[in-house]
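Novice: Note that the protein sequences, when read in sequence, are chains F and U.
For the first sequence, this note's numbering assigns the number 1 to the initial residue and increments by one for each residue that follows.
For the second sequence, this note's numbering assigns the number 1001 to the initial residue and increments by one for each residue that follows.
Take the hints with a grain of salt, since some may be wrong.
Example chain F residues on the side facing chain U (calculated, C-beta under 8 Å, incomplete) [stated by the list, open to error]: (1) A39; (2) A42; (3) V50; (4) L51; (5) G53; (6) A101.
What the hints contain is simulated information worked out from the structure, not anything from laboratory work.
This one's a predicted model, so the numbers in the text were calculated from it and none came from an experiment.
For every residue, glycine included, the Cβ atom is placed at its ideal position computed from N, Cα and C.
As a plain string of letters, each chain reads:
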Amino acid sequence: GQNIDQPTEMTATEGAIVQINCTYQTSGFNGLFWYQQHAGEAPTFLSYNVLDGLEEKGRFSSFLSRSKGYSYLLLKELQMKDSASYLCAVKDRDYKLSFGAGTTVTVRA
Amino acid sequence: TAGITQAPTSQILAAGRSMTLRCTQDMRHNAMYWYRQDLGLGLRLIHYSNTAGTTGKGEVPDGYSVSRANTDDFPLTLASAVPSQTSVYFCASSDSLEGSAEAFFGQGTRLTVV
Chain F
1 GQNIDQPTEM TATEGAIVQI NCTYQTSGFN GLFWYQQHAG EAPTFLSYNV
51 LDGLEEKGRF SSFLSRSKGY SYLLLKELQM KDSASYLCAV KDRDYKLSFG
101 AGTTVTVRA
Chain U
1001 TAGITQAPTS QILAAGRSMT LRCTQDMRHN AMYWYRQDLG LGLRLIHYSN
1051 TAGTTGKGEV PDGYSVSRAN TDDFPLTLAS AVPSQTSVYF CASSDSLEGS
1101 AEAFFGQGTR LTVV
């Protein structure tokens, strides 16, 4: 099976930056995704990485190192609405999409 | 509005009873997935289908079955429910198997087995 690890919880102040790390071990690799999930809602897509490097999308950036089995999601200029769970997911060689347990980010005023 | 629809939204089910969770998408996506989400465990893949007529087992398939008779529908059946199947169930679909195809999620079904 897949092994995807990320921290359980993180807390940060409004306006600050938070980095959520994700490490993975999978059978083959066809891309890494980050999703955001607010309490009681469905996950929504944030970013996708398949090549090494940084992908930037507004206040959110995602980084991938395939050789290290490592990714991070960077959230800048934090806003209260960014309080949510952030899910790291990896697509394996059979194109199955597996998720980590998620990181709950709490933004404080 | 195009999307993915799950039914019912919530259900209380007696242990031993059977139930089918429905999932329909109108985006003509090839791939569909069923996940369960439990506190502290995240989303765990139950079954998936890469295209109509094919299905595969995920991480936690025991006690569940699926079928994919057509592109749009991907029902999940619990033949004889047990309390450990109490969870929030999410159905998802993606345009293709290709790596970059993001998955879109339904709003979830909250199932309680008593």
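Novice: Are the hints correct? Go through all of them and say.
Specialist: Status of each hint after checking the structure:
1. A39: F/A39 check fails; min Cβ-Cβ to chain U is 11 Å, beyond 8 Å.
2. A42: 4 Å, holds
3. V50: Constraint on F/V50 satisfied, holds at 5 Å.
4. L51: 10 Å, violated
5. G53: Violated, because the Cβ-Cβ distance from F/G53 to chain U comes to roughly 15 Å (cut-off 8 Å).
6. A101: Given a least distance of 4 Å, the restraint on F/A101 holds.
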